[in-house]
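Taken in sequence, the protein lines are chains A and B.
The opening residue of the first sequence carries number 46 in my numbering; numbering runs sequentially from there.
The opening residue of the second sequence carries number 436 in my numbering; numbering runs sequentially from there.
These aren't lab readings, by the way, just hints derived from the structure by calculation.
We put the beta carbon where it would ideally sit given N, CA and C, even for glycine.
Be a bit skeptical, because a hint or two may be false.
[Said to hold, decoys possible] Computed list of chain B residues with no C-beta within reach of chain A, every gap over 12 Å:
#1 Thr524
#2 Ala551
#3 Asn618
#4 Pro728
#5 Pro758
[Said to hold, decoys possible] Across the chosen pairs, the derived CB separations fall in these ranges:
#6 B:Glu747 / A:Ala389: 32 to 40 Å
#7 B:Asn575 / A:Ile265: 56 to 64 Å
#8 A:Ala48 / B:Arg496: 42 to 50 Å
#9 B:Ala587 / A:Trp528: 54 to 62 Å
#10 A:Thr545 / B:Arg496: 43 to 51 Å
#11 B:Arg505 / A:Thr546: 26 to 34 Å
[To be verified] If you want a taste of the chain A side facing chain B, the calculated C-beta under 8 Å gives, among others:
#12 Thr313
#13 Asn315
#14 Thr317
#15 Pro346
#16 Phe350
#17 Gln484
One-letter residues, chain by chain:
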Amino acid sequence: MAAALVTGTLLGFIAGLVPGIGGRIGIILCLPIALFWDPLAGAVFLFAMHSVVHTSTSIPAIAFALPSTASDAATVLDGYPLAKAGRGGEALGASLSASAIGGVIGAGAFLLAIPIARMLLRWFGPPEFLILAIFGLCMVTVLSGRNWIAGLLVACLGFAAALVGLDVQTSADRFTFGFHEISDGLNIVAVIGGLFVVPEMLSRFKFTQSGHDQAANTRISDVIVGMKTTLRHLGLVFRSSLYGIGIGLMPGLGSSVAVWLAYAYAGTKNKTGIPMGQGVITGVIAPEAANNSKEGGAMVPTLFFGIPGSSSMAIMLGAFAVLGQPIGPALLTTDIGVSYTLAATVLAANILAIPLFLITVPLIVRLAALQRAHMVPFAIAISLFAATYQAMQFGVLFQFVLSAALGLLLKRLEWSRPAFLLGFIMGPLAEISFIQTSQIWGWSMFLRPATIGLLVVFSALAWKSAKASARTFSVSQRRSDSWAAFALLLGFAAIFRETTTFAPHASHVPALVAAVAMCLAAMIIIARQVAPDSNVQPVHSGFSGFWPAIFFCIGAILVGIPLASSLYALGVLIGMKVRWHIAVVCSGLLGAVQLGLFSLTSYIWAEPLVIGLWTERLF
Amino acid sequence: MTITGSLKRVFCAAAVMALTASGAFADYREQLSGRTLNVMVGFSNSGGGARFWSLFSTHMRRHLPDTIIRAEFKDGPLAVTGIGELYQTEVGSLAIGLIRPPELAFVQIDDPAAIAGDLRDAHWLLSVENLSYIMAARANLKLDLDQLRNPAEPLILPVSDPLSTASRVSVLLSAITGIPTRNVVGFDRSARAATLMAGDADLLTLGLTSELEALITSGDVVPLYSIVGDDLSALDPSLPALADFLTPDAPESVAAFVQSARGMGRAFFAAPNTDPADVAALTALLEAIVKDPDFIKDAQLQGIPIAAKSGEALAQQIDALIPSDDAARALILNAYACGLEMSLNPRHECTY
Chain A
46 MAAALVTGTL
56 LGFIAGLVPG
66 IGGRIGIILC
76 LPIALFWDPL
86 AGAVFLFAMH
96 SVVHTSTSIP
106 AIAFALPSTA
116 SDAATVLDGY
126 PLAKAGRGGE
136 ALGASLSASA
146 IGGVIGAGAF
156 LLAIPIARML
166 LRWFGPPEFL
176 ILAIFGLCMV
186 TVLSGRNWIA
196 GLLVACLGFA
206 AALVGLDVQT
216 SADRFTFGFH
226 EISDGLNIVA
236 VIGGLFVVPE
246 MLSRFKFTQS
256 GHDQAANTRI
266 SDVIVGMKTT
276 LRHLGLVFRS
286 SLYGIGIGLM
296 PGLGSSVAVW
306 LAYAYAGTKN
316 KTGIPMGQGV
326 ITGVIAPEAA
336 NNSKEGGAMV
346 PTLFFGIPGS
356 SSMAIMLGAF
366 AVLGQPIGPA
376 LLTTDIGVSY
386 TLAATVLAAN
396 ILAIPLFLIT
406 VPLIVRLAAL
416 QRAHMVPFAI
426 AISLFAATYQ
436 AMQFGVLFQF
446 VLSAALGLLL
456 KRLEWSRPAF
466 LLGFIMGPLA
476 EISFIQTSQI
486 WGWSMFLRPA
496 TIGLLVVFSA
506 LAWKSAKASA
516 RTFSVSQRRS
526 DSWAAFALLL
536 GFAAIFRETT
546 TFAPHASHVP
556 ALVAAVAMCL
566 AAMIIIARQV
576 APDSNVQPVH
586 SGFSGFWPAI
596 FFCIGAILVG
606 IPLASSLYAL
616 GVLIGMKVRW
626 HIAVVCSGLL
636 GAVQLGLFSL
646 TSYIWAEPLV
656 IGLWTERLF
Chain B
436 MTITGSLKRV
446 FCAAAVMALT
456 ASGAFADYRE
466 QLSGRTLNVM
476 VGFSNSGGGA
486 RFWSLFSTHM
496 RRHLPDTIIR
506 AEFKDGPLAV
516 TGIGELYQTE
526 VGSLAIGLIR
536 PPELAFVQID
546 DPAAIAGDLR
556 DAHWLLSVEN
566 LSYIMAARAN
576 LKLDLDQLRN
586 PAEPLILPVS
596 DPLSTASRVS
606 VLLSAITGIP
616 TRNVVGFDRS
626 ARAATLMAGD
636 ADLLTLGLTS
646 ELEALITSGD
656 VVPLYSIVGD
666 DLSALDPSLP
676 ALADFLTPDA
686 PESVAAFVQS
696 ARGMGRAFFA
706 APNTDPADVA
716 ALTALLEAIV
726 KDPDFIKDAQ
736 LQGIPIAAKS
746 GEALAQQIDA
756 LIPSDDAARA
766 LILNAYACGL
776 EMSLNPRHEC
786 TY
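Based on the provided sequences and hints, a complete structural model is requested.
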């Protein structure tokens, strides 16, 4: 059992370090290893693995701005600016301790839930999801700082993007314009990659030498400082963990909802004077705590009732069937020992991850600090790989590029990118919960105790947050904001017109979103007319490493990503005056690792992309 | 902790089976190598559907290393246009479809002109899923048939989308059992079970899986009647069948349609104008894949249940699913319209 625990923790940690692998793929890849043990030890192996994946995903998120999932994107927002400011070690330490404490709280919640598991599962349904979604959308104002009208406008854009695809109520196409690839909706990983990774990567070209030095000097003591910082915010960790546990308990609710709600909550408690998204340490602590704790909540419906609480847990259920490890209500009674063993596994794995993290972090931080510009092609390639490992289609590449353009534009305008993601995640949840609530409960939803409870809590939080926003509200005074708002006004007018062609049931929500967005855009334009000019920001330029990135992309198309990476690394290492044979070995190893990785998951990436594009073998 | 003792034996057996199967590889490889095989996948490229296709595509490529395999996902209504495109592929080209036949069969029954081709004309190659289904109820629902047939409001039944097989079947079941239900969309698989367990939904059609077994054992979900399937051993043997719940005047053909539709999972087919030699090769390919020990192991590891049925048996099922005479077709459509009316007005009675 101990071997299963240690091996699972180690492999889970490694799976999390590689963007594109993460929890779900990691479990599938490692299932054969679990079969070497008896069913319970196999289950311990998988749970240990799953428990620490989210701990290590924060390392590439903070050090390289490389989120694996929508959940990790929240960590990037403040973690990467902290790393850029030379506080990467602190951010990583805070992330580590928040993850560990969150995981422990989640495991504790799982144990506490045993006597009341059935009741907990019955409390929450679509009416509560609707309240959560509305609250989440309101939190955009917190994430957007003083320019919260622009934030709401961006959230509407995210909401509209999430409406692309088949309408769930009528199965009619919405905003697909004949492109079949997007009937399932936009690819969330491609959207995140474009929106967050590309702008952050391109900003690396502007780095000063002092930035390099600060990051390279990250020490274990900095990580310890970060861990201590988390301990000073235990209240936030605890509350964020509660968000995680609560969302984990509710099957059908996306796991990133917990993370973003926790992030938004951290925003309401931010008293540093630094806007969220510009390097606030609590912006790292809250999402990490929620991310790890939610798995404790998700274990309740999964293990006791066979209802997967998250997508990873759905794969875990299949794995349990293969292992022959029974699940179900017996884990609440006769087999309760198994429940305790699995809870103890989560606890132990989260604690075991701490030394692993401390060993790994200094190496990775140094890697991140070396030749930052040269990391760009790798980061973009990995991000693209994560987006397309399931479906390599032109459409996904197009979405990635379009999202990147939007991300760059929003970054330049200093409009909130998280607001877009919040709209993108919460929007569909709001729409579908609204449909379900109106059809099943109607007004009687307000008689549900859980609904009333959530309404009271969230109304209080929203009121408090609104008061704070009112105090700091300022209208945008930049010309660029007006132009962007004007473009969006036209865009949403076109969207509104398009909704008139939909079936009535399919058009309600898109029309509402477009109408609200047009009002917000008009407000920004009017505000500029009332209080014109003054605050024009300088435009940054000087993408000195841009051309190497372009050459890498062309190389990937012509000779395939592994070989292109290998050659690129060779050039970089020789340029750094590394001895040629060491450079050859290192770059060869890099290519081999990538080749192995791609062949395990999506072999097409190992080939020159040009072959795939010509033969359309890209799926 | 013990290392599985029979692992060596399993590997040996797998190697022997692989060697035996390799003889059959030669024929279809010869026929299909150097060509391009287009696959129209009639479901979503996400979740379970994506995993299902990923499993097959991996092993198709392994069995056909010299064949280019292209896939195009066409979910929901797009599958209808996909069928039309597939039927119009040039003679001599290689194209197959992987679809859930019941979803498209209902479209053909509802509006034959909507599909540019008759599903009954296709070369059905292999069915890869056959399912057992029950109608389940929430724990505290009164199961008296008269009471079920006379609720004040239609009983709530969660489904994923309005065009899914579960959704169509539920409407028809309303009509032929006289138990009025209202489909509420937007529930994925786990949310459906959770909603029923929470008591927010009343009924649910559920596939017989180990997960369902857990819910039934705990008493959180109560089986009401079996819809279709041979593998209902996990349930109480005295569980009533669909026939026991039919209204006296419910047409048997509609009940047979429901059972056929609900029990049929995903299946492969080739367009009618496909060369017979290609049809034989494709059939041999798919049969070899589902018997391949590596495929079986991968399917088990990924929790994907595979239950193959031959092309001939599948073709018979499709013929039963899509009635050829207008009267039988009208009967199904009439039942469907009545079921939809019952979802609005639970007092509505169906006449056939």
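Hints not upheld, ascending by number: Violated: hints 3, 6, 8, 12, 13, 14.
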